[in-house]
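Listed below, chain by chain, are the residues.
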Amino acid sequence: MPSPTEITLRAFISENFIYGDDASAIDAHASLIDEGLIDSTGVLELVSFLEEKFGLQITDAEIVPENLGSVAAIVGFVDRKAARPLEAA
Amino acid sequence: MCGIAGFLDLPGPEPLKRQTLARMVAAIAHRGPDGHGALLKGRCGLAHTRLSIVDLAGGAQPMSDADGKIWLTFNGEIFNYVELRNELIARGFTFRTTSDTEVILQLYRHMGPALLGRLNGDFAFALWDETQQTLMLARDRMGVRPLFYAERDGMLVFASELPALLQAPGLDPEVDLVGLDQLFTTWAPLAPRTILRGVSELKPGHLLIAKPGHRSVRPYWTLRFPKAGEHASPAQPEALVEQLRALLDDATRIRLRADVPVGAYLSGGLDSSLTTALAAAQNGANLRTFSITFEDDEFDESPFQKVMSARLGTQHTALACTARDIAAALPDVVAHAGQPFLRTAPVPMYLLARGVRAAGLKVVLTGEGADEVFGGYDIFKEAKLRRFCARQPASARRPLLLQRLYPYLPRLQSQNPQFLRAFFASETDNLADPLYSHLPRFRSTARAKVFFSADVKRELAGYDALAELRESLPTEFADWHPLSQAQYLETIHLLPGYILCSQGDRMAMAHAVEGRFPFLDHRVVEFAAGLPPELKLNGLREKHILREVAKDLLPPSIGDRPKQPYRAPDAGVFVGPDASPELFETSRVGSGGLFDPVAVGRLAAKAARTPSLGFSDVTALAGVATTELWRRRYLAASQTSPKPAPLAVAALS
Numbered sequence: 001m002p003s004p005t006e007i008t009l010r011a012f013i014s015e016n017f018i019y020g021d022d023a024s025a026i027d028a029h030a031s032l033i034d035e036g037l038i039d040s041t042g043v044l045e046l047v048s049f050l051e052e053k054f055g056l057q058i059t060d061a062e063i064v065p066e067n068l069g070s071v072a073a074i075v076g077f078v079d080r081k082a083a084r085p086l087e088a089a
Numbered sequence: 001m002c003g004i005a006g007f008l009d010l011p012g013p014e015p016l017k018r019q020t021l022a023r024m025v026a027a028i029a030h031r032g033p034d035g036h037g038a039l040l041k042g043r044c045g046l047a048h049t050r051l052s053i054v055d056l057a058g059g060a061q062p063m064s065d066a067d068g069k070i071w072l073t074f075n076g077e078i079f080n081y082v083e084l085r086n087e088l089i090a091r092g093f094t095f096r097t098t099s100d101t102e103v104i105l106q107l108y109r110h111m112g113p114a115l116l117g118r119l120n121g122d123f124a125f126a127l128w129d130e131t132q133q134t135l136m137l138a139r140d141r142m143g144v145r146p147l148f149y150a151e152r153d154g155m156l157v158f159a160s161e162l163p164a165l166l167q168a169p170g171l172d173p174e175v176d177l178v179g180l181d182q183l184f185t186t187w188a189p190l191a192p193r194t195i196l197r198g199v200s201e202l203k204p205g206h207l208l209i210a211k212p213g214h215r216s217v218r219p220y221w222t223l224r225f226p227k228a229g230e231h232a233s234p235a236q237p238e239a240l241v242e243q244l245r246a247l248l249d250d251a252t253r254i255r256l257r258a259d260v261p262v263g264a265y266l267s268g269g270l271d272s273s274l275t276t277a278l279a280a281a282q283n284g285a286n287l288r289t290f291s292i293t294f295e296d297d298e299f300d301e302s303p304f305q306k307v308m309s310a311r312l313g314t315q316h317t318a319l320a321c322t323a324r325d326i327a328a329a330l331p332d333v334v335a336h337a338g339q340p341f342l343r344t345a346p347v348p349m350y351l352l353a354r355g356v357r358a359a360g361l362k363v364v365l366t367g368e369g370a371d372e373v374f375g376g377y378d379i380f381k382e383a384k385l386r387r388f389c390a391r392q393p394a395s396a397r398r399p400l401l402l403q404r405l406y407p408y409l410p411r412l413q414s415q416n417p418q419f420l421r422a423f424f425a426s427e428t429d430n431l432a433d434p435l436y437s438h439l440p441r442f443r444s445t446a447r448a449k450v451f452f453s454a455d456v457k458r459e460l461a462g463y464d465a466l467a468e469l470r471e472s473l474p475t476e477f478a479d480w481h482p483l484s485q486a487q488y489l490e491t492i493h494l495l496p497g498y499i500l501c502s503q504g505d506r507m508a509m510a511h512a513v514e515g516r517f518p519f520l521d522h523r524v525v526e527f528a529a530g531l532p533p534e535l536k537l538n539g540l541r542e543k544h545i546l547r548e549v550a551k552d553l554l555p556p557s558i559g560d561r562p563k564q565p566y567r568a569p570d571a572g573v574f575v576g577p578d579a580s581p582e583l584f585e586t587s588r589v590g591s592g593g594l595f596d597p598v599a600v601g602r603l604a605a606k607a608a609r610t611p612s613l614g615f616s617d618v619t620a621l622a623g624v625a626t627t628e629l630w631r632r633r634y635l636a637a638s639q640t641s642p643k644p645a646p647l648a649v650a651a652l653s
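Protein chains in written order, with this note's numbering: chain A, 1 to 89; chain B, 1 to 653.
These are calculated hints, taken from the structure and not from any lab test. Keep in mind it's a predicted model, so treat the numbers as computed, not measured. C-beta: ideal position from N, C-alpha, C; glycine also. One should not assume that every hint holds.
[To be verified] Simulated coverage check for chain A against chain B, where a stretch passes if three residues somewhere in it have a Cβ under 8 Å from a Cβ of chain B:
#1 16 to 22
#2 51 to 65
#3 72 to 82
[What the hints assert, rightly or not] Here are the simulated lysine-lysine pairs, BS3-like style, with alpha carbons at most 30 Å apart:
#4 K69/B / K211/B
#5 K17/B / K203/B
#6 K606/B / K81/A
#7 K606/B / K306/B
#8 K227/B / K306/B
#9 K53/A / K606/B
The following block holds chain B by itself, in its conformation from the complex (with noise of 0.2 Å):
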């Protein structure tokens, strides 16, 4: 685990070279402590920075076949490089060293671009193939790890982290208005857009080839749901628990493969509890797990992790998160987010990282996808219920299953059915619209919008973002059962997009820790995705195929607890007394030109008074305060960068 950065045909003298790939190093530098390299070889430079956990010793990248002719510059795992290795060796191939580095250089000597689809794990890489004059850029299936790239006038830029990419000369950042645009509607840019005009994002399952003369990108994954009502038939659905249970037992499996010891994050809800429990079952005793407690019962979940940490016998290590600590982190969390986002969520993960640092831990199971993957976020029900009440609008009965969805939003308890109907708009919106599961949050979060400057406005007028998520769905996607489109999107967009970035890999390795989700296996996902809807949302029971594998497993007060969704202390992080009094100052907001200072003078005192802001405040309040913080650090004049050490740059020639 660790970051890459790198570029093609950059223009300029070689201490030019050289220079960029140490300002990048040095920018991704919290990714990789244990080490770090970079090269030069004729029109490609390659960098990396190392935090080791599999060959200690004999993984220092980049690094070459035996000709030195293929060199890679690798951030992730293979899982399964120990297979792999091992298939290779049976077919002649030697190697020098014991990582999974070297195992994606000889498979790709074996089968060039194809190997992609013979990796279990989370990645991506950078291979410079120096006979064929190519480099390869290449992304995990589920987007676990990231690869941002800009080309101008010819030159190829990448990096782990947007950050790392601005190092590059003659990359000037700018916000990109319809990035943003798509952040304040749908969570996150629709990639490959960022929020940086001019830089993409490598979508997960994708590569990238460039050739001279020629740059292709094309997926080499992709998520696909059988037909609605052509799911295979559960005559036994006993079996296909025996199959899940056996897949993700080799998931966690494969996933304890460290040459370092392996943690866990332990929530107290159902998928943490379960991936933990696999691993205690592999490992043995002495699993450290970890945990983020909150003062507000509202949010914390402290009494069911001290039941799994019991059961399993984990040394335990509960860390407090107030909302003091929350406003104290928030500009560094944004600094290493890179983009902005609409949930404090992501503060309390950075500050998990840190502890599980601090106890000399770098690498963590934890129970992030199963929500994507079975069907678990209250999102799916709340579709099938809009669903159900469209079916009988004169019910009167349908609409306040709703509120019982939501038992969390007290003021959601005291309305009456016709509000409830208006809210979800259940009758309203066209159910054939392919993202109706979705309308109500896009709609209550776009309304953030409102807060954009008049010049934002003026040129962001006539643009759809949701118009622009609808053309870019697959043709197949209307032949889908509701659940599988609306899985859809949360996994090839929400999880990518703001989940595994600003909540899972980012605040992680801003710490240089590596997060590791057997639920994302992608054996389990495509398994997951053809099983009939019912074995996942049963009734309105979540996971419910994973509810059954656990019964084995979890104490029933953790395996049939219904879902809590991991939520944060939010509105009085950003106005309260622990806020930064500049964070919504008219005259450095008006300044950026992005919001209407007076609007969001008016939000912020709104804020003040009010003890219980509504969803679309919060998403409001915490848009505009992390965008604020991500363009004085980024785009503002006075921006800083990291300071370079000093680099041996290999030059080869």
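The shape of chain A in the complex, shown without the other chains (with noise of 0.2 Å):
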């Protein structure tokens, strides 16, 4: 059963980047930026939504494929940064 978090992210996936099609079909492990899914605007645009929709603030040194390369490694970042808001800022 997806978290939450996971059901909001592939929602935004699927209303921005791949336009209507299924995104509960993309593998959680799958890295966004080999399967075409997202390019350099893409990893702005959705950090924009992630600071925006999750009350986050993201550091530059954050912005890397460890962190938001695929839909596990976003769930898991995100996860990680609200359970410790006061870290991030």
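Two chains, two separate frames, one set of hints: put the complex together.
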């Protein structure tokens, strides 16, 4: 059962990067870049979305494939950040 | 410069044949407003619309030899016609006109199809040899002038432009989905395929011979590079710079031959500044130059245009182009392009040609081709840097060079090395892939295919445009230097398939303006292909040898100026206040069947709310918009044909 974070994220990816194709079909661990789903602009769109939707502040140093490269990585990153909001600032 | 059309073995009665010729002429009337002619001779029909530039009084077409046995309809210019004419006269041939058209006829009589090797020019022609009952179609080496054809039940129809071809009876327009897939991957259909099913393009440097019972298509010229490491040693690069200067002087000199004034495009970049300087040096005062200016500093180059026009003393006309102008002209531009495209860049070229025509000129020199021939495009540097990164996967610094490549993409500047590596796939792409240089571009372009409708996707399932492109490469390709390989892809595919048609011939000829391109003189192309790669891309200095030539001709502010890619306002054109609200209308997109209207609606909504859209999204937006405009213009049931003007068709027995 996907977490609420993952459901929200997949809906965003569906709406903004695959324009309606079913985002639930994406392997959680597949690279969003290698799959051709996001480009350099897409990463920044993703960062803006995460900041707004989850009330996060994401530093430049955090914008790396380990945190944002796949659905699983993003979900893990968001959940870690949300659990430690003060450290993120 | 003109338009041509015609057929062989068109079935039906003579009035139908005459009517077909008249309709084809009407569809290419814009290419030749100075006159037209048509001829029905046995099995063959030839038509011509004329833009008179050389031998204004004597060059009417279709033209025959003195015996009336060989007939020619010809679009373009043979720049070395003076030398060829003198040579033929020395051999005893006599001429009735001073036109280049008659030179082709006489040269054919002298040496048959082998004449093509002697021509230095931009041309497409059809030659009917009555005695041999043979039709020959031919096209220039680089693909400056267009020529399309279709075969049905033994009939052969040809024309300069796709819409003219559709005037032939029995040619119902239908989209070629594989061609569309190719365009949405590599920016153009892979020739000879076109966007229309059953319609072919005669490839650049090829000829088609139709004899009774036998038809063949073959090349008469091919672009080849030396094996990697076997380029001529640049022991004396100065000598090569001098040789290139002499070649460019001559390429420009013969391109100034015309019985009407010749102007020049002056964008303010290295290439057009160089062609303009060479032309000004030969033509003296009174050279007229033209440029486009944009409101947005991101695209505008007008300060550089002013520097050059002042320096050369040209009479300069700058035409301002706004996003509104681009939106307004877009439907006409798509109609003239005859196929969809993925950028707005064709539109300003269309508007520029309109300005040239309004100023009373028919011919312009331009700097087109230098980026392909001398390694100017960013994609060449990008490929070099990606290979450089791949050699040291651990280096954190190397990927940062990729950022510096695109200073005009602000969003790329904030990316860190790990993402840059991932985006440019420097390691994950196979270095031995013949398409390595172009894979990031092809990948991000192909994302636009997500908008194809379910039916189209089903139809194209399993098709791989890149596999077909790889298949089409010559066997020697594998032995070439990576820069030569990337140049080959640009020169053989992108140049004729997109640049020279959708930005070049079709835009200029929409207003009966002929572009001439000194950098695409085949002698220059062959010379450049033989140069060591480091004389083209020297470190990251692009067009190195051309900049060396420019030292004597241009101020350093122009000669050393880094390349600024020619770009125009984009996303706002399709969704902004000036865009047509019908463009992405769900019902219209849906009824067309090519795209998923819901997905397209989401893209349009995203474009409307996002101030700066990414490369892939802009590509998709332009691709969907121009494909829809093209479909509605040419495929919709309600399409209207151009009204044929009364045309006297000479019928000779």
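Status of each hint after checking the structure:
| no. | hint | result |
| --- | --- | --- |
| 1 | 16 to 22 | holds (count 5) |
| 2 | 51 to 65 | holds (count 5) |
| 3 | 72 to 82 | violated (count 0) |
| 4 | K69/B / K211/B | holds, 16 Å |
| 5 | K17/B / K203/B | holds, 27 Å |
| 6 | K606/B / K81/A | holds, 27 Å |
| 7 | K606/B / K306/B | violated, 38 Å |
| 8 | K227/B / K306/B | violated, 43 Å |
| 9 | K53/A / K606/B | holds, 17 Å |
The structure does not agree with the numbered hints 3, 7, 8 stated previously, though it agrees with the rest.
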